[in-house]
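Protein sequences, first through last, are from chains A and B.
For the first sequence, the working numbering gives the first residue as 43, with consecutive numbering after it.
For the second sequence, the working numbering gives the first residue as 43, with consecutive numbering after it.
Some hints here could point you the wrong way.
Pairs involving identical chains hold if they fit within one copy or between any two copies, as the list cannot separate such chains.
[To be verified] Here are the computed lysine-lysine pairs in the DSSO-like style, where the Cα-Cα straight-line distance is at most 27 Å: (1) K197 <-> K413; (2) K158 <-> K397; (3) K445 <-> K279; (4) K278 <-> K448; (5) K317 <-> K126; (6) K107 <-> K142; (7) K278 <-> K445; (8) K279 <-> K448.
Since the hints were made in silico from the structure, they are not lab data.
Number of protein chains: 2
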Amino acid sequence: MSQKHKVVVIGSGNWGSTIGKILAENTREHSELFEENVSMWVFDEDVDVPDDKTLRDQLGDKPVKLTHAINTVHQNLKYLPGIKLPVNLIANPDLQDTVKGASILVFNLPHQFISKTLDQIDHQHLPYARGISCIKGVDVADGTVTLYSEMIMEKLGIYCGSLSGANIAPEVAAENLCETTIGYDGPPMDYKQPDGSPQDNLIKVDEQRQSKSKPSHVKLHPVPQTYPHVDSGLLKKLFSRPYFNVNVVRDVSGVALGGALKNIIALAAGFVTGKGWGENTKAAVIRIGVLEMVRFGRIWFPQSVDERTFTEESAGIADLVTSASAGRNFRSACHAVEKGVSVDEIEKTELGGQKLQGTSTTRAVYEFLEKQGQREQFPLFVFVYDILEGRTTIDSLPEVLDKESKIKAY
Amino acid sequence: MSQKHKVVVIGSGNWGSTIGKILAENTREHSELFEENVSMWVFDEDVDVPDDKTLRDQLGDKPVKLTHAINTVHQNLKYLPGIKLPVNLIANPDLQDTVKGASILVFNLPHQFISKTLDQIDHQHLPYARGISCIKGVDVADGTVTLYSEMIMEKLGIYCGSLSGANIAPEVAAENLCETTIGYDGPPMDYKQPDGSPQDNLIKVDEQRQSKSKPSHVKLHPVPQTYPHVDSGLLKKLFSRPYFNVNVVRDVSGVALGGALKNIIALAAGFVTGKGWGENTKAAVIRIGVLEMVRFGRIWFPQSVDERTFTEESAGIADLVTSASAGRNFRSACHAVEKGVSVDEIEKTELGGQKLQGTSTTRAVYEFLEKQGQREQFPLFVFVYDILEGRTTIDSLPEVLDKESKIKAY
Chain A
43 MSQKHKVVVI
53 GSGNWGSTIG
63 KILAENTREH
73 SELFEENVSM
83 WVFDEDVDVP
93 DDKTLRDQLG
103 DKPVKLTHAI
113 NTVHQNLKYL
123 PGIKLPVNLI
133 ANPDLQDTVK
143 GASILVFNLP
153 HQFISKTLDQ
163 IDHQHLPYAR
173 GISCIKGVDV
183 ADGTVTLYSE
193 MIMEKLGIYC
203 GSLSGANIAP
213 EVAAENLCET
223 TIGYDGPPMD
233 YKQPDGSPQD
243 NLIKVDEQRQ
253 SKSKPSHVKL
263 HPVPQTYPHV
273 DSGLLKKLFS
283 RPYFNVNVVR
293 DVSGVALGGA
303 LKNIIALAAG
313 FVTGKGWGEN
323 TKAAVIRIGV
333 LEMVRFGRIW
343 FPQSVDERTF
353 TEESAGIADL
363 VTSASAGRNF
373 RSACHAVEKG
383 VSVDEIEKTE
393 LGGQKLQGTS
403 TTRAVYEFLE
413 KQGQREQFPL
423 FVFVYDILEG
433 RTTIDSLPEV
443 LDKESKIKAY
Chain B
43 MSQKHKVVVI
53 GSGNWGSTIG
63 KILAENTREH
73 SELFEENVSM
83 WVFDEDVDVP
93 DDKTLRDQLG
103 DKPVKLTHAI
113 NTVHQNLKYL
123 PGIKLPVNLI
133 ANPDLQDTVK
143 GASILVFNLP
153 HQFISKTLDQ
163 IDHQHLPYAR
173 GISCIKGVDV
183 ADGTVTLYSE
193 MIMEKLGIYC
203 GSLSGANIAP
213 EVAAENLCET
223 TIGYDGPPMD
233 YKQPDGSPQD
243 NLIKVDEQRQ
253 SKSKPSHVKL
263 HPVPQTYPHV
273 DSGLLKKLFS
283 RPYFNVNVVR
293 DVSGVALGGA
303 LKNIIALAAG
313 FVTGKGWGEN
323 TKAAVIRIGV
333 LEMVRFGRIW
343 FPQSVDERTF
353 TEESAGIADL
363 VTSASAGRNF
373 RSACHAVEKG
383 VSVDEIEKTE
393 LGGQKLQGTS
403 TTRAVYEFLE
413 KQGQREQFPL
423 FVFVYDILEG
433 RTTIDSLPEV
443 LDKESKIKAY
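Take these sequences, add in the hints, and give me the full structure.
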């Protein structure tokens, strides 16, 4: 194998910068497989330089560009302050320049920017590149649900897996021990078409493995044999750190869905805690949340989702437990009930108008359930939506438990 | 049906009194099925009367017998103070008198007293009675593991199910909403022997459904047809309250095992939190704990355990999440790491020498794993034991994650 993989990160928030740190640590450690430098696309902006002698000696005391700061003091001063980034993680404000020549693209940006960003890439990436999406959430439009890994696949024409887990970014950045799950089921290098015919230039993505509500029709370019195989072993070398334990599974959809749906349940857990109901009640909400995640996967991703992703993987139960105990969705929902106001109100007063992932996911999933005529199969998801809309309050939770116990084992 | 079920509770700690409260509320509500009075066996002792006018008007200001206090002011002043008990929950200090004529026995006492208590019953119960064990823990002796439901079955010769869930007793007593799981798979009233022969007087317990390490050879008396059927519907009527949502499953062993093994994992979660590692790490420990619970069930209860009990029921994941966030095992382990002392030391200094459920279960399970030659299949359980014994510290957790990820999917 004569070529090394060029790895890039699209996005540089706290989670994007943390993943960039991990990737750059590993490309240096496995320089036989990867080019050492990892480019990170940064949406550039002016940042203040903190009142710190070392930083001001290098950057001055006037506002500087975020990319300049990252490449000079190797810190993301705005989104991940205090964490030393590897010197081989290179901030780049030019999206197309970042992706040029990259064979592995890691996507890690807020879901509301992903569609536009993919358009702006304008096919400047290698046609045979492979992607990993760390983006939480699902895209709902016209009664269909699309995972961001699928959207990337369709818009860029590259195979894309997903990464998700119990990974509160600042804790990972501080190198506190945790786990994550990568879903990756890309075609192997020695891929043959299902009819056994010699490999032609394009590989059909197996439609059975896509979302039932919107199968995609992507054809993939094979990765040239001159590159190291992109398989679970290579992905482990790229993402695992002593403090970041990676498990690779084939269930891309389950990994992506877990990261999206858990935020609905985190809101429910916050409502319960705000009500003062304690750990037993929260545990009931988490348990029912897992059941509805599994059910969601079974109905709309019957061929691709492995329910063990929800019940046994970091991207499932572990991420859910973490999100239902900490994180913005949980806390905001908790405050809303404590103060007797809506979550919308909390977004305005406490988050400066920033929207929570959980509220947009809940509304998107509700719209989808309604169009698909499946609301009654998801009493908890619908309940969270109804609370957000002011149609009910957390006091009606007993009815949800009741409805859930009447839904037959799936 | 001419006879009503007589229901009794054996044990009167905070959880026993709480379950007694629930049962007495329901026997009154369903007086067509149950005798209204519920007898509760209380290990009698002198208790001080709190400085409260209403209580002292009725009880005086000298110490009184606990049974007298319960039957007079309808509060368990020692173990569940401040909670009003139903007047039809009757404390009885005489064990044999309590069980006499009872057709449903609910066991809810600390596991270290169960064996002796069963001996003291001296077969004064009805031979065809049915039992429900709310006792957490497993009994390990000579390389075999016995669930308390099995021990009750063997010692009393009655069929016994199990009840467990995310049920921190004071929260249930305060009527905060929660769920529980009952495992019950008793023979139906119209039971026929497997060879199709007319029912003889004794029903063989299906050995396949018992522990692999120690199958039991109990024969059961059929419940007379004059009683209402003891089935999942009847158990729901007996245990469900608007604040206590009951799910009945057939997997008695899984329900009992969940309640026992979760305490090992609660200790691990406490160690992690004491170390200051945060939610991501705790979620990893919980996730691995579920995997080891499932594996334990698969190896030693292959016919009886349904792994969904661990991943989907209140007795599994929900109870585990609760125990890993609150409760004495979690808190004591957390304090031990924070103070740099052993858990044994915490038991001495903070618990007045009282032993935690988690430490005894961890040691019992370790002894069992060792005798069965299966230690390497349970890296987390063994790790908790090693920490308790001072052989390692929580700092070695990364090795546990590593070992776990190398154990092939079960």
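Numbers of unmet hints, in rising order: none
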